Amino acid sequence: MYQYDTYDQTLVNERVAQFKDQTQRYLAGDLSEDEYRPLRLQNGVYIQRHAPMLRVAIPYGMLSARQLRTLAHIATTYDKGYAHFTTRQNVQFNWIPLEKIPQVLDELAQVEMHAIQTSGNCIRNTTTDQFAGIAADEVADPRPWCELIRQWSTLHPEFAFLPRKFKIAVNGAKQDRAAVQVHDIGLELVQGAQGLAFKVWVGGGLGRTPLIADVICEALPWQHLITYLEAILRVYNQYGRRDNKYKARIKILVKALGVDTFRARVEQEWQELKDGPSTLTEQAVTYAARFFHEPARTQGVDTQAFEQARAQNKAFSRFVTNNVQAHKVSGYAAVTLSLKHPSHAPGDINTQQMTLVADLAESYSLGELRVSHNQNLVLADVRLDQLFELWQILDQHQLASPTVGTLQDIICCPGGDFCNLANAKSIPIAQAIQAKIDDLDYVYDLGPLDLNISGCMNACGHHHIGHIGILGVDKKGQEFYQISLGGRSGNQANIGKILGPSFAQEAIPEVIAKLLAVYVAQRHPEETFVDTYHRIGAKPFKEGVYA
Amino acid sequence: MPKIIRDGQIVEDAWIRVCADANQPDTQDSQAYLLPLHAWLEESAHPLRAPWLASDTELTDALAASLMQAPLIGIDFPDFNDGRGYTLARQLRTRYQYQGEIRALGDVLQDQLFYMQRVGFNAFALRADKDLQAALQALKPFSVCYQAASDQALPLFIQRAQGA
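Heads up: the sequence lines are chains A and B, in that order.
Each residue of the first sequence is one higher than the last, beginning at 1 in UniProt numbering.
Each residue of the second sequence is one higher than the last, beginning at 1 in UniProt numbering.
If you're looking for bench data, these hints aren't it; they were derived computationally from the structure.
Predicted model only: the values in this text are computed from it and were never measured.
Heads up, the beta-carbon is just placed ideally off N, CA and C, and yes, glycines get one too.
Check the hints yourself; a few may be wrong.
[Said to hold, decoys possible] Some chain A residues judged to face chain B by a derived CB distance under 7 Å, without partners named:
#  : residue
1  : Gln9
2  : Asn13
3  : Glu14
4  : Gly29
5  : Leu39
6  : Leu148
7  : Thr154
8  : Leu162
9  : Lys165
10 : Ala289
11 : Phe291
12 : Tyr444
Bound conformation, chain B alone (with noise of 0.2 Å):
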């Protein structure tokens, strides 16, 4: 089975991600598919079907109601240097405070893993010629942040005149 990094640990993982342009499985099938946003909404009550979200995807409160029931949300980095997913994690977790797994899916890589877990992803589905030991190893390379994100309430600029 698939490895990849949820909260912290490398654990199995059984999710099967369906790309867009790809035959979608039938509903009968009790595989856990990850499967493009469309395809996910026609059945999106099934406990079995999560979707996975496209950068390019535009997050409006209809779909955002949508993705609340999903089991878990995949967002796609179709290469690192697209910056949108980002946006979109930090969309689900803070406005509308989506408490499932944010998964990072495509070109996830281990230098990005510090960003992402910071804006609300707590699962990464590496790019599969990476090495996942190293990169849980590389999870936290900074003990310190200036910015609030989901991981810190408040920005250090409050936290320190609080302490001063």
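Same shape as in the complex, but just chain A (with noise of 0.2 Å):
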């Protein structure tokens, strides 16, 4: 994975020192609470319910062992013993008093770590597949590319206060695992009639205004990235709106202007940038692409002691089916560790759990693991012949769920028992769903299933792109919560449509459960929930639910 030079840790190093000044200066009352706002929020501090949050960055999800021991520590040392992984291949920390921050940002920085530009209205953390560089479907691996834009993107001084959020993704598989349509700006490796290039789409993003991203272009040449990006940004911190809030992420600009018109005047701001010293050269990239070199892998791994344990032992077998992923190398397999387990909140590891996940790590997957949007852990490079001695492992601590891309595997926001923003609870109606469907079988038989819960409209918990999407909606100061259905990510990304009335919190999982009782007795063998939503539409759902 990427490694800092003199370069990156001088300027990590600088921000700590920098925002250690900020802070003392706000605490000793030079600084208005408005002036300190986008200071912390450009190093990832909130102010929530109970005390500040943190949220530290994960670039494109990459973590080492030796990272993970720090959040540990950090979780241990400064918090209550755990954090929470994000769907933005962040984490987050609940309970870390301000004074402290500074303190905590110096721990991270010494393990090439940082909290820039994780909040505000600037460009934020780059996201790609959990599974880049083993995808077997890949095009060519985003992780460079990623490491490019992290650069470009750090401390951009003409980006830092853009109109609202700015959020990048970058997906260089068939599959796409990083959401580009529902970004503000999605990049989508692809094989041109030059070479590598990238499908560009603007304009995506969930929130309160949930829009699919449009092509701005079919195929960008790689050495053209940073410029046109750089033009993107340019007309989006120039025209997009800044007198209201609700209105000024990219994607309202987008359709207001057109994305025809949207277009023009990108091409003619990136006349300028074009060719400029902003272009990638080979050099570059090859220096970048060095830190994601293929690691050495066994050849001819015996799996015969695999196959038979997966023939004979079915919990494991269940666990192979569901939370093992293919790899491109023959004998290797990508692990996704569940942070799903019913007895935590969604997304949430602790203590114990990272030092582990961190041990294991190093003992089974080249020391490095992933975070992937779906709120889980991936080791990427697992041997086969290894993989039932490391599931008997993460079985013994709740970390071997084998529910992953089932209902079980909820997507979920931290909501209302933490987030300042939130309208409702969003981690109790997670568990409760978990508890009232837990028959393993039937959650199998059900097949994939994505299930989004988001404690209020700005989407974190990417709601609207679930099979099945709940929010959590405030009516005169109660909780409620709106079902949508239909949602889906990915390819063939779309938009759920909400069903109707909403529903008490106590009434959510027999809705689900209802819900699912319509798509068990209408479907068509061998298809999934959303197919058959879209087949059949939301009437029969409704009935099912409100009848």
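From the two separate chains plus the hints, produce the assembled complex.
Structure representation (structure tokens):
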């Protein structure tokens, strides 16, 4: 994975010193609340319900064992012994006092981590496919490009005070696992006529006005990646609305201008930047790519014992079916460690688990791991002959829930238990659904099912693109939940449709059970929930729930 | 006389800013004034008149051509969260190669100066309640920058690759 050189390290160290000074000035009363807010936000610090929340970037989801140990150390020393992984490859701490945060940033800097631009109206952490570099369907490894974007976007002087936040995702595979169509900019690596290129999507996003992105460029030659991004950001910085924060995202600008006019403005701006100093060169890309070279892997791994264990052990077999992803190198697999065990809030991990996972990453997966936007962890380079042994350890520590991609694998924001923005709680909803529909045979029978929960319309839990989406709403001070159906992520990204009137918290598990019963009664053989919904429409589901 | 930061130093400054809705000074007035753009365009040849741009100014080629003769160009930050002024400065420096002073006006605070100087501002009229000396110390909190900008010809990723 990427390793800092003295430049990166100096910059991060200087950032810590700068934030220490800013925080001291704020605490001393020299900086007003309003003046300090964007400074702390651009260092990942929110003021939350109980204490500040610190969001730490995990650039494009890559984490080393050493870094995870530091996160565990921070959770123990400064927090309450756990951390929360988000839907954008970040990790959050909820209980660190403000005056301790510079110290925590200092500890993070020592392991090449930071919280720069994890919040605020700036370019956020660039995200990608959690199987980058090992997926068989990959056009090219997205990570070198992500790293180049990370560098370009970090403390970019022109784009630190955008109209609103700005999120970029890169996907390098045929299957979109980075949700590029619901990002401000989505980049999809494609083979163009002159070699590697980017299909550029712009103006997608969830939140208050969910929209699927438009394609602004079908095949941008790789040399122009940075200058083209700069042109898009410049048009957005100048023309994005600043009078109303709910209409300030780039998607609103793209819709207001129309994608063709927006593209024309970008092209015009780009004429000046194109072939300029920020044009990528073969050497610059090679330099970035050398951090993501193919590791030394064992040839001819003997998979006989693995196959035998899979045939004989039902629990292991379930795990392999659901949590193990094919690897481009035979004899290897990527293993998803589920952070959806019913005993924890979705995405949460405690200190003991973090330490254990760090050890396991070193013993079984080249010392690295990935964070997925589904709020799980991935060991991406596990030898099949060691998989059974690994599974046994994971199982002992509640990290082997064999439910990845199923109804139990709920995506969920922290919600009203922690977040100031939330209208309603989300974690108890997730846990109640997990408890209600917990028969594994039934869960498997339901097949692939994305159930996403957000505690408010900011949509951190991506409810719009869940096959079943649940949104917490506030009705005269009471928490209610609105259901939407038919959303999808990936290549066929689609915004779900609201089913009808919202429900009280305690009704939700039963409502979900009824929706599933409609699906089971109506489905064709092998048809997934979302496909059934799109075939038969909302009516039968409405009848099943509201009748 | 009020003080500003110019070219890394605290200096006294004679320019008086005239707001958009104020009475515009008489042409004969020998005080130096920073005028709102529309007023300045009326007497753009006057050596003691300079324009300041609102953050929503549309910088067309025609406007830029007029601005090239200005003794200095002010760019207003109505609120420090309004980032449009950064793009205006960058376009003046890189697209139009304006060589004169570009001055940040309005809600100009110490913690934004680093970004401002990177995009081409060389003068800063800080908000009146702010400490110029402290701001001067904080002008360059970073010794490393990733991007190409007015103060750095090449992005770091190109420099590294050339050095490798």
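Hint-by-hint comparison with the structure:
{"no.": "1", "hint": "Gln9", "result": "violated (9 Å)"}
{"no.": "2", "hint": "Asn13", "result": "violated (10 Å)"}
{"no.": "3", "hint": "Glu14", "result": "holds (5 Å)"}
{"no.": "4", "hint": "Gly29", "result": "violated (13 Å)"}
{"no.": "5", "hint": "Leu39", "result": "holds (6 Å)"}
{"no.": "6", "hint": "Leu148", "result": "holds (6 Å)"}
{"no.": "7", "hint": "Thr154", "result": "holds (6 Å)"}
{"no.": "8", "hint": "Leu162", "result": "holds (6 Å)"}
{"no.": "9", "hint": "Lys165", "result": "violated (13 Å)"}
{"no.": "10", "hint": "Ala289", "result": "violated (11 Å)"}
{"no.": "11", "hint": "Phe291", "result": "violated (12 Å)"}
{"no.": "12", "hint": "Tyr444", "result": "violated (47 Å)"}
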